[in-house]
Amino acid sequence: MIQVPDRHGRFGAFGGRFVPETLMNALIELEEAYNKFSAEPEFQEQINYLLKQYSGRETPLYYAERLSAQLGGAKIYLKREDLNHTGAHKINNAIGQAILAKMMGKKKVIAETGAGQHGVATATVAALLGMECKVFMGEEDTRRQQLNVFRMKLLGAEVISVTSGSRTLKDAGNEALRYWVSNVDDTFYVLGSAVGPHPYPMMVRNFQRIIGDETRKQILEAEGRLPDLLVAAVGGGSNAIGMFYPFLEDESVGMIGVEAAGKGVDTPYHAATMSKGSQGVFQGSMSYLLQDEHGQVIEAHSISAGLDYPGVGPEHSYLKDIERVKYVPITDREALDALKLLCVTEGIIPALESAHAVAQVEKIAPTLSKDDIIVICLSGRGDKDVESIMAYTEGEGLK
Amino acid sequence: MTTETTNRMDLAFRRLKEQGRAALIPFLTVGDPDLETSLAIIAELEAAGADMVELGVPYSDPLADGPVIQRASARALRGNIHLRTCMEAALKARKAGSQLPFILFTYYNPVLQMGLDTFFAELGNYEISGLIIPDLPVEESEEMRRRSRDAGINLIPLVAPTSSERIAKIVSGASGFVYCVSSLGVTGERTSFHESVDQFIESVRQATDLPVAVGFGISTPEQVARFAKICDGVVVGSAIVRKIEEVIFLLQDPGKRGEGLLQIRDFVAQLRP
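Top to bottom, those sequences are chains A and B. Residue numbering for the first sequence follows the working numbering, starting at 1 and increasing by one per position. Residue numbering for the second sequence follows the working numbering, starting at 1 and increasing by one per position.
Isolated chain B (complex conformation):
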């Protein structure tokens, strides 16, 4: 793996390991409420101590997502935000000075329609370190895995509490990190987690040497702290998207935009383990 050393995500995990702490990985839907605001939010996330960020591509039929991210997707789609806009957003954020590794979170169909040739040809130019495709299970992902590897981009595999004997197959040959889905269900805040989640994460750890991150339903500082003890990364999605939704009226008012951005920053900063 000659590209391993230049991938920002791999470098970040290496650094975090030296520091002995877990990555805080916030998610936002690009273009919610508009592209320019998303770029401003990315800067706030970085200022609040995010270690990498998931850039969600809005999709008409987001099967893996709960109502909060569904609504964000719908808002972004009204602004004509598509896969390429999201890829370009990563580059714009980089040009604006962001040092964060970017992970593109997209359903498979937009990638298929762009065409894998075009997608990978362009991806390299857009400062993207990793890809998450929630509806592309390992059985269907052979070509994506090969092309990602060739491009030096990490295709992040998802494992679920029900994956059991599939875990070995899913993590074999993976790169970047392994994404553990905390519990069954779609994305969205949860008040509690089944106690078997620790056992599940432990079984994933034993199956791979890659960093292990957990996501789906994590929304409070206490939950982040709980998982940061046993994982190398914690993804917070719906809680942040809900916060953005709450302050949209501020973000869209030129006089109060700063206040809205500050509220998002404060929310993410207090999540930091």
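Chain A extracted, bound-state conformation:
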């Protein structure tokens, strides 16, 4: 397989850098700084130290025996990214980018956030490194994720409620970019997913690949062989690309990216970018996106704030087109049922995002044999979602 991205930040037809000229210099500086520092051992050492001593890596690869037995097919492992400090994989990337910011001499960081996990991770690392932090969050999401808003404030960050557009993740991203345009001199934009203009998709992937690198080592120890299938939820796609990337050249390893079908892909209320979107330019890169015939971006919908995004990382669009990864939709309802299943079989409350991956495995595991191995990227824990789940299941009772 060819090495992507190329020097223009292209993953095949996707990626690139579609931003106002005012940002170009900052992106070029960022790319140069990343290339320079990532080649220095000290950079990786600092990151590794924090990942281990601060975030608690490596995260376990846990054999979900009761879930496997219940579904009656493949052996299912969970890569426990939910056990990271701050409760999700987002910290891997936040640590990487914040260390880069520090090495670049930037004292202020900004971030966009949907569910709040990336915002919390960035606020956390900013506190740790003594940096000023502003987090942009859609007003709708601040309402859905009040606990995370409070958490960020506790950590000393300023949370800016975004009231433009659909008031969700995409608008938070737009506002963060607009703010960055005005403050490029002293501010580092810690982008939370494998999206946006080059070098972000590449950089975020490289900071998240530790998920897949650890999984490879752990599954070889546990099973003596590579897994047959990797399953991960895809909003922007950072946990998924982090899990998939180190396995891309292993032909025996199948991969499924699970996107949010909301109320259903045949309704207007979904976030199924791969299933229902088309190619276009959004937030700085060429990728698949949800748009109308005139090229206006359509609002996404998902019970999960982290998947409620009309775009997707350019590398995922590339992996879909070359048919290396299969992308499937899972509805709100299916994700909720899977969340409950994981709660009662394993005593783990997954994030709603990760529950989408569990739901896909619920469908596929029974069709596989007992010798097959599936790894689910359990990207985050569900504590933040308990209120949303209560609201959704109100009146129907817990089964």
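If you're looking for bench data, these hints aren't it; they were derived computationally from the structure. Please note that a few of the clues may not be correct.
Claimed, not checked - DEER-style ranges, computed between Cβ atoms:
1) G49(B) - R7(A): 46 to 52 Å
2) L147(A) - E143(B): 44 to 50 Å
3) R146(B) - Q53(A): 50 to 56 Å
4) E18(B) - R7(A): 43 to 49 Å
5) K108(A) - E88(B): 44 to 50 Å
6) R145(B) - A39(A): 32 to 38 Å
7) E18(B) - T163(A): 46 to 52 Å
8) L116(B) - E40(A): 41 to 47 Å
9) Q199(B) - E158(A): 30 to 36 Å
10) E40(A) - R146(B): 38 to 44 Å
11) I230(B) - E158(A): 35 to 41 Å
12) R146(B) - K370(A): 58 to 64 Å
As the list claims (entries may be wrong) - Negatives, chain A to chain B, calculated, CB over 12 Å:
13) V4
14) E29
15) K52
16) Y62
17) M255
18) K326
19) V386
20) Y392
Please read these numbers as outputs of a predicted model, since none were measured by experiment. Note that CB positions come from ideal geometry on N, CA and C, so glycine has one too.
Fit chain B to the given chain A structure using the hints.
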């Protein structure tokens, strides 16, 4: 460049140079508050002394724009105004007698979705002299540049105070004029400009023989006059869009529409350097 002599924008800059004055280039979002009113506003802009006009295509995710133009975009989108409507608006304005060169200001995605073949095939019929695509930096614009050149339409490059060594690459092979972004940030009125802006504009001048215009944040007659001394054109966007927003209640009242249009005309007339 065989088409150079027939492009209205090029002719206008040539005329302005002879007259020794800078172009006043107002911006409006097409379809804010509705298409018919936009056409009436274009006529007022011309009457007020505009030399060319930027026709803004409303977009759902206007990254380069501040809150004023974001709101205008949202209002226009509610009226189902899209890229093609805006292109047709130029033709309608021409048929209504406007002599102004029209510059289409659009984000890249609507153009991509229309398809470059269709876009350029139709563009020639719509009396458009220039294109500004704020999210298409020079590295990504090769095909647009080639197709624009073939169509005799000026793809206007943007340069920013941070462009520094990129300026030469950006302006090389450009046509029409070079658009200097006055300061870092999104569109929207500014009360003051960094003093280094003069130096920046001077460095752009030295890199190109094309006319040089400045925009982003210019809103008062004093600011227009200040930049008209050192530039060949001054773009005023958000200030005019805000004025339109202020008088929407007049524009939408058949009995007071004339009054609203007159206020817009007066506002633009006093900007004229």
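Structure versus earlier hints, numbers of those that do not hold, lowest first: 14
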